[in-house]
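Position chain Y relative to chain W; hints supplied.
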Amino acid sequence: DAKTTQPNSMESNEEEPVHLPCNHSTISGTDYIHWYRQLPSQGPEYVIHGLTSNVNNRMASLAIAEDRKSSTLILHRATLRDAAVYYCILTSGTYKYIFGTGTRLKVLA
Amino acid sequence: EAGVAQSPRYKIIEKRQSVAFWCNPISGHATLYWYQQILGQGPKLLIQFQNNGVVDDSQLPKDRFSAERLKGVDSTLKIQPAKLEDSAVYLCASRLASPGANVLTFGAGSRLTVL
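Residue numbers (the working numbering), protein chains in the order written: chain W, 27 to 135; chain Y, 3 to 117.
Only chain W is shown next, with the shape it has when bound in the complex (with noise of 0.2 Å):
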């Protein structure tokens, strides 16, 4: 299972805009990039997904670098309700979806 690094933790004012990268430097090239998040006593939560191209929904936007070997969560506006941990993890064919010990985000008011 390729393998994704992530900060352990970030913080950010609320109403700014946050970047929590990720790195997968041996993702290949049928795994997908997805991010969940999971808020306080609450299961992880999806947030957004992609495999190449740069991806927005809702919630967040995925920037995806070239080489496929680093991407970033963007969330445009933090809300002190954006503090969580987030996970960036990798899918391939199997579903097997392996999270690692994420990014707590910090919100500050």
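Please keep in mind that the hints were generated in silico from the structure rather than gathered at the bench.
There could be a bad hint or two in this list.
[Claimed, not checked] Straight-line C-alpha distance at most 16 Å; calculated EDC-like pairs for lysine to aspartate or glutamate:
1. W/Lys29 <-> W/Asp57
2. Y/Lys17 <-> Y/Glu87
3. W/Lys122 <-> Y/Asp58
4. Y/Lys46 <-> Y/Asp59
5. W/Lys122 <-> Y/Asp59
6. Y/Lys85 <-> Y/Glu16
Quick look at chain Y alone, frame taken from chain W:
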């Protein structure tokens, strides 16, 4: 649509006792996952089912953990006998098993405390 249902939400047992957790996935979701999440860590995949067949159980401690999904719908995860280190939240997730269906939906989890 209804979400992934799990029960019980909380369970406290003594070591060497047994416990079972139940999960009912979203209707039509053929793929079901059980994860163990120890405090401060990311979820660890224990077992992945496709309908009633096991896709991956390489991380399931089979000497004490067992899981089944007999009719390809709901699933049970059992621990017997429990150890102190099994204290964790047990998360169930499901996915619609069609190509490109990439969204896992998680239940709220079952929190186990082993004394």
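Given the hint that W/Lys29 pairs with W/Asp57, test it: the Cα-Cα distance must not exceed 16 Å.
The hint holds at about 11 Å.
Starting from W/Lys122, check that the Cα of Y/Asp58 is at most 16 Å away, please.
8 Å, holds
Can you confirm whether the C-alpha distance between Y/Lys17 and Y/Glu87 stays at or below 16 Å?
Distance of about 9 Å is within 16 Å: holds.
Hinted pair Y/Lys85 and Y/Glu16, Cα distance within 16 Å
8 Å, holds
Given the proposed pairing of W/Lys122 with Y/Asp59, does the C-alpha separation stay at or below 16 Å?
Roughly 11 Å between the alpha carbons, so the hint for W/Lys122 and Y/Asp59 holds.
Y/Lys46 and Y/Asp59: Cα distance at most 16 Å?
Between Y/Lys46 and Y/Asp59 the Cα gap is close to 11 Å, so the pair holds against 16 Å.
Checked against the numbered hints above, the structure breaks none of them.
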